[in-house]
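> Each chain, letter by letter, is given below.
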Amino acid sequence: MSAGIDLKGSFIDSLSDLGLPPGAATALWIPLPITLMILSATVGLLVTVWLERKVSAAAQQRIGPEYAGPLGVLQPVADGLKLVFKESITPAKTDPWLFTLGPILVVIPVFLSFLIVPFGQNLAITDLNVGIFLWISLSSIAPIGLLMSGYASNNKYSLLGGLRAAAQSISYEIPLALSVLAVVMMSNSLSTIDIVEQQAGYGILGWNVWRQPVGFIIFWIAALAECERLPFDLPEAEEELVAGYQTEYSGMKFGLFYIGSYVNLVLSALIVAIIYLGGWESPLPVGSLANWLGVSETSSWLQVIAASLGIVMTVLKAYLLVFIAVLLRWTVPRVRIDQLLNLGWKFLLPVSLVNLLLTAALKLAFPFAFGG
Amino acid sequence: MFKLLQQVGDYAKEAAQAAKFIGQGLSVTFDHMKRRPVTVQYPYEKLIPSERYRGRIHFEFDKCISCEVCVRVCPINLPVVDWEFDKAAKKKKLNHYSIDFGVCIFCGNCVEYCPTNCLSMTEEYELAAYDRHQLNYDSVALGRLPYKVTQDPMVTPLREFAYLPKGVDDPHDLPAGAQRAGRRPEEIVEEMSAKN
Chain A
1 MSAGIDLKGS
11 FIDSLSDLGL
21 PPGAATALWI
31 PLPITLMILS
41 ATVGLLVTVW
51 LERKVSAAAQ
61 QRIGPEYAGP
71 LGVLQPVADG
81 LKLVFKESIT
91 PAKTDPWLFT
101 LGPILVVIPV
111 FLSFLIVPFG
121 QNLAITDLNV
131 GIFLWISLSS
141 IAPIGLLMSG
151 YASNNKYSLL
161 GGLRAAAQSI
171 SYEIPLALSV
181 LAVVMMSNSL
191 STIDIVEQQA
201 GYGILGWNVW
211 RQPVGFIIFW
221 IAALAECERL
231 PFDLPEAEEE
241 LVAGYQTEYS
251 GMKFGLFYIG
261 SYVNLVLSAL
271 IVAIIYLGGW
281 ESPLPVGSLA
291 NWLGVSETSS
301 WLQVIAASLG
311 IVMTVLKAYL
321 LVFIAVLLRW
331 TVPRVRIDQL
341 LNLGWKFLLP
351 VSLVNLLLTA
361 ALKLAFPFAF
371 GG
Chain B
1 MFKLLQQVGD
11 YAKEAAQAAK
21 FIGQGLSVTF
31 DHMKRRPVTV
41 QYPYEKLIPS
51 ERYRGRIHFE
61 FDKCISCEVC
71 VRVCPINLPV
81 VDWEFDKAAK
91 KKKLNHYSID
101 FGVCIFCGNC
111 VEYCPTNCLS
121 MTEEYELAAY
131 DRHQLNYDSV
141 ALGRLPYKVT
151 QDPMVTPLRE
161 FAYLPKGVDD
171 PHDLPAGAQR
181 AGRRPEEIVE
191 EMSAKN
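Line by line, the protein sequences give chains A and B. Okay, so the first sequence: first residue is 1 according to the working numbering, each after it adds one. Okay, so the second sequence: first residue is 1 according to the working numbering, each after it adds one.
Subject to a maximum C-alpha distance of 27 Å in a straight line, what follows is the list of computed BS3-like cross-link-like pairs (lysine-lysine): (1) A:346 / B:13; (2) A:54 / B:34; (3) B:20 / A:346; (4) A:346 / B:3; (5) B:46 / A:54.
Pair ranges (Cβ atoms, derived): (6) A:238 / B:31: 21 to 31 Å; (7) B:80 / A:68: 39 to 49 Å; (8) A:364 / B:38: 55 to 65 Å.
According to the in silico footprint, chain A covers these stretches of chain B (three or more CB under 8 Å from chain A): (9) 18-26; (10) 35-45.
None of these hints come from the bench; they were simulated from the model. Please read these numbers as outputs of a predicted model, since none were measured by experiment. The beta-carbon is built from N, C-alpha and C at its ideal position, and this holds for glycine as well.
Work out the full structure, taking the sequences as your base and the hints as a guide.
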């Protein structure tokens, strides 16, 4: 594969041509992808909320939001605006600092993790060589925020909810990391871009799902548990408990938890798409298709098409996974805390360990197929 | 060793079975997405109440003979019948009659036992009020006729499920003369009289 579109390079070049020093041009470039990423994460959040409500409605033979904008697409915006205008109450005898810091600490790592999500060859904010590791370490900050907000609320339900959330996040982090490790071992790199590159070339057959089916399922289960999605949403369990660590929150602080959980869902879906479903690669390899049609791989229009196709593919795969998560929400009953921890420690952990060992063995035995 | 292997095998079998059941559940949920919504979009669409709907009670002042049967059959003696004996006419004269719909359970006993049929059930069910005392209907309020759903230009009337033609489960856009499944009561009467 060729280098593809270099947006950063051409942006800096065009500004340098206008007479700016290259350092200033680079400084101008830096905030652009960051704003773009925050914007796309926010839009992704709004789309996910809308999708969740619409798909839930369809699964229950309802209509769902309909009057706010065409097909109710503005409903999540309306929800968000409502939360912004609501009074933000800090109850008496809480720790105001921790109480405010908690939701912030939950949201920021999630948005930060978007740094490592690639939408194309050069369409990522950073190509860190520890990309996927950064995501894993960032995602273990969130339980601290949950615990903090649960403890600072000065409410026993909040404290218990926070403790449960932390226990859940910590116990599912391990199988998650182990199944990522198996993939990393196959692609010999922690960089998300390298992981996608390694799946390229054979279209749908080259994706990691076929080589890591067990890892894929474990990762998806653990990711759902990390996001506190329905089969594992017992820290908040809206039908049964008061809202766990969110009990005392209102207004935008509650909104931050809401944003955090949905952006985390999008992020997890994106990461699954990248690690297991070939990221921006389309089911039919574009490069070889172009070669077969006799189009040069370096022609600019092909690169533009390939880049936009890559973005569409990544988003499409991620939203397919979000759809499955929503469908799972209305299919699977909620587990109890003991079942949750049993599943995490007694099933997912040993299976992912075996999966890791098996991957290592297969890598030694068949280095051509499992990334020698 | 053999026992351990068997345990592992059983465990794997259970896991596979759980996965199968989750898959079946997912296919059920997915199938539901293809079905039409059953929503009645309330203020704009309303279901037509059935003939025997037990809604707000209607009362005809002039028919009432103040016998107080409605009070006696009422589980909580709810109707208030205020009458006095008119010595000249040697009859009871009704002054006021009221039923508190905040307390009424709409059992319909009063309607059933009223000897002069001055009580009847209407299809009105929108009794929301800002104050519970507003639910205490006096004889004037009880004498008002409800607004029919089918005559309201603001509302799309929808038939209830049992009143749809055979095989139809969507009340929207029915053809003009569509009849419900089965024979209507008047058709049965006609058949009976034709036989005799």
